[in-house]
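Student: Single-letter residue listing:
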Amino acid sequence: MKRVLPVLLGFFCVLNIAFSQKYFTKTAVITFESKTPMENIEAVNKSGTCVADMTSGNVEFAVLVKGFQFEKALMQEHFNENYMESTKFPKATFKGKLNGAEKIDRTKNGKHNVKASGQMTVHGVTKPQTVDVVLEVKEGKIIASSNFSIAVADYNIAIPSLVKDNIAKIVNVKVNANLEPLK
Amino acid sequence: MKKWLLLIVLVGIVGANVGYYLFTKPKSAMEDQKSDVVLESAQLVAEFEADEAAAELKYLDKTIEIKGEIKEITDSGIILESGNDMVGVQCEFERPEDISSVKVKDIVKIKGICTGKLLDVVLSRCIIIQ
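Each protein sequence line maps, in turn, to chains C and U. Here the first sequence stands for residues 1 to 183, numbered as in our numbering. Here the second sequence stands for residues 184 to 313, numbered as in our numbering.
Keep in mind the hints are simulated off the structure, nothing from the lab. Any given hint could be a false lead.
FRET-style restraints, in silico, Cβ to Cβ [as the list claims (entries may be wrong)]:
| # | chain 1 | residue 1 | chain 2 | residue 2 | range |
| --- | --- | --- | --- | --- | --- |
| 1 | C | Ser161 | U | Ala236 | 32 to 38 Å |
| 2 | C | Ser149 | U | Pro279 | 26 to 32 Å |
| 3 | C | Met38 | U | Lys208 | 15 to 21 Å |
| 4 | U | Gln226 | C | Glu136 | 38 to 44 Å |
| 5 | U | Ala229 | C | Gln119 | 27 to 33 Å |
Ideal Cβ positions, reconstructed from N, Cα and C, are used throughout, including at glycine.
Taking the hints into account, I'd like the entire structure generated from these sequences.
Tutor: Quick look at the structure:
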């Protein structure tokens with residue numbers, strides 16, 4: 001028995017790592033682009049957090065609006081003060097489900113296309129949203145990437161008529177998260 | 184009459200230039216920004232944990248000079264220890280080469296802008312000052 005116990009414990013430890021269900025990152029990269037014939041605007045945030053449970057499919061994503069970095073000082077100021085009102089609404093979040101995540105074999109490397117559906121909160125407005133996500137299993141980690149567009153009007157973001165030709169009504173959002181198993 | 188016209192045109196040209204300059208001005212380098220607050224990572228985290236809304240009012244958008252021990256080095260920055268296992272200070276760097284010379288357990292002084300708290304308190308546009 002004395003000999004069996006450590007072996008058993010070791011076995012459970014290995015099992016635990018191999019079947020760890022929750023994956024996590026604090027450094028998800030979120031990029032958004034507004035493209036118009038007049039001007040292209042891009043901003044990046046590298047400190048998004050994401051927790052995904054690969055058994056239940058539950059996923060939560062959050063990003064601090066003030067962390068988006070623009071090339072030009074004034075753009076960043078307008079984005080925060082006029083459009084996103086980031087002092088009032090500091091976070092943008094997504095809570096939902098990765099449909100089909102439980103069917104993914106996480107012991108084999110490979111790419112899987114799934115849909116994430118849930119509630120997205122931006123500028124204090126919560127809306128249902130479904131986005132396509134690619135989950136790539138690689139050496140026990142999961143690389144999640146998604147590319148989707150949102151209409152700024154859906155989230156009650158008003159663009160003044162003076163700059164309406166410079167800012168797109170529909171902006172593209174790219175998300176890239178290297179998720180590691182939660183220990 | 185001609186003088187008037189000339190003056191108006193001149194004012195117009197100067198105005199347009201100032202406007203263009205302001206509109207396209209890049210962000211000022213973090214090196215040139217004065218720190219609004221100087222404190223240790225433990226205190227910043229403790230304040231956010233005690234009352235997030237009050238800490239946001241006090242620190243959001245402020246340039247913070249922070250001292251702490253490196254807990255973890257990530258893809259885009261550093262996480263500082265705070266004495267609280269669950270919450271650290273996440274410092275995002277613009278230039279990845281800035282963090283190539285530091286290692287876990289080093290005590291560093293970092294300057295950055297506070298953008299709020301997710302799991303950790305987040306500072307953006309960080310540079311190492313010591």
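Student: When the hints from earlier in the document are held up against this structure, which numbers fail?
Tutor: none
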